[in-house]
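For the record, the sequence lines run as chains A and B. The numbers in the numbering used here rise by one with no breaks, and the one at position 298 of the first sequence is 402. The numbers in the numbering used here rise by one with no breaks, and the one at position 113 of the second sequence is 217.
Keep in mind the hints are simulated off the structure, nothing from the lab. Incorrect hints may have been included.
Repeated chains share a single entry, so a pair holds when one copy, or any two copies, can fit it.
[What the hints assert, rightly or not] Straight-line alpha carbon distances no greater than 20 Å define the calculated EDC-like cross-link-like pairs of lysine to aspartate or glutamate that follow:
#1 K127 - E162
#2 K329 - D275
#3 K329 - D376
#4 K240 - E218
#5 K289 - D376
No experiment lies behind these values; they were computed from the predicted model shown.
There are 2 protein chains.
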Amino acid sequence: MGILVVGSVAFDSVETPFGKVEKVLGGSATYFSTSASFFTDVSLVAVVGDDFPREHTEFLMSRNIDLRGLSRNRGETFSWTGRYGYDLNDAQTLETRLNVFETFKPSIPPEYEEAEYLFLANIDPDLQMEVLRQVKKPRIIASDTMNFWISSKNEALQKVIGMVDILIINDAEARQLSHEPNLVKSARTILSLGVKTLIIKRGEYGVLMFTDSTIFAAPAYPLEKVFDPTGAGDTFAGGFMGYLANTGNLSESGIRQAIVFGSVMASFTVEDFSLERLKTLTYPEIEDRYRSFKSMTHFEGLPGED
Amino acid sequence: MGILVVGSVAFDSVETPFGKVEKVLGGSATYFSTSASFFTDVSLVAVVGDDFPREHTEFLMSRNIDLRGLSRNRGETFSWTGRYGYDLNDAQTLETRLNVFETFKPSIPPEYEEAEYLFLANIDPDLQMEVLRQVKKPRIIASDTMNFWISSKNEALQKVIGMVDILIINDAEARQLSHEPNLVKSARTILSLGVKTLIIKRGEYGVLMFTDSTIFAAPAYPLEKVFDPTGAGDTFAGGFMGYLANTGNLSESGIRQAIVFGSVMASFTVEDFSLERLKTLTYPEIEDRYRSFKSMTHFEGLPGED
């Protein structure tokens, strides 16, 4: 059991209309693994520089995340600087410094090779493929990607997509990947690449899930306090995969519950900068919000049919 | 029983990435009443010019809509010309000709004064107030408005809002009306104006409903074929009010079902230009889509709590 995630651990500098932080803990694998750690065991593969402070690794260890796959290389940690306006759906990247990430070659520790759940966070599709070569047969492989790889490494990306079970991307990425503005048609095109389940994240508008025969639509939890959407998508993926790995229930019904758990986790992350909200989060709070989510979306069927 | 709607009957000329139509049947009261007519009796108050063709009135009569309140004045019918890009959420208005609407003074026929359900479509708030003066005490009053009135007749509009039970507006209008970008806070501000139920339409992203103590979130039905979003909001309101008037069930649960019926009706309207799709629509199709809507949004509660 347990999840293996390969992605980035980073320093983020973020400005939103509600505040500003410099060089705080960020990165796709960080958000993913912290979120998943509320549900199951997580092993992380990533790289940091020798400037990465002990408090961050201590935090990740306090969440019981296995860091044997976290390399510490000479140089500076990957860093991202971005800004959001009032439309918190769109991040504007001001600067990306790959630093030690530039030469990152994921190497999966032997103890990790038996992971049953694998998440390939948004990294170069060539590296994602490299990871796929190193792991045994996981029960579920999910992956993310981004506009940059869709345009610059399309062929490699399509190969990866053909090998994963679940693709988790946002609506703009789905449209770009499929060359199709309509999301339903876009989903059909992407499913034809070989992926079984496509999850399209729509920020504050929630999530759509597509399979060959079903669609599931979940709104996002309406929040009064949205400070910083950074990491929301990876937190979603972490809660989603975490719940799947916890229950082992890969039925449509289990996947739908996992999507709601993912949405719940993302709704907490955006309430504060960096991983601050996840640091104080408790499992009863997660369950409470799941219940609100359920009552917030419930409606009766047709008379006599509920 | 039955609904009274006061609004516009118009000629629309619309261009979308999928086609173009000229001078077709449109208008808020037209979409609203046609949609509501699938659920209940509707009486319409509006004005057209002497250029309004018989085929359109015959269509409305075929839907059993009471047209005794439809004045035919000398001059041309109100007309709207607009265009949509691939982002079908945003209409670009190219031309609005008020024509006979410019001197429109709604006069409620005595037979209509007892209407139990009243919908004030998007017209000048002074005219909406004029209607409120003429009707007896309806069981439910709902209204719509738009950015133009929020900025140009804010005071009159706020008075109207204080007198209605249900306000149905889109997200940009909610933000403008409340001077608040966050929708949850925005909703709270608008509810404090005296309205009991606020429904915020978010186009392809669905609907949020707010009351003092509850939130309901419904996604929009994901469609493969969206031809023309014109009239979607009024069609939503028509299905919503129509179902409420049909059942008389004004509980939270009844209102949630009505929201889904409204969303179902809107999902049909956008499948073709003008009211073309509603012309061939049947009630079993509405029920079928309601059922898909239900299964598309369903997920289980926490283990042991469903």
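Here's how the hints hold up against the structure:
| no. | hint | in the structure |
| --- | --- | --- |
| 1 | K127 - E162 | within (17 Å within a copy, 68 Å between copies) |
| 2 | K329 - D275 | between (23 Å within a copy, 17 Å between copies) |
| 3 | K329 - D376 | within (8 Å within a copy, 39 Å between copies) |
| 4 | K240 - E218 | within (6 Å within a copy, 73 Å between copies) |
| 5 | K289 - D376 | between (35 Å within a copy, 17 Å between copies) |
Every hint from the earlier list agrees with this structure, and none is contradicted.
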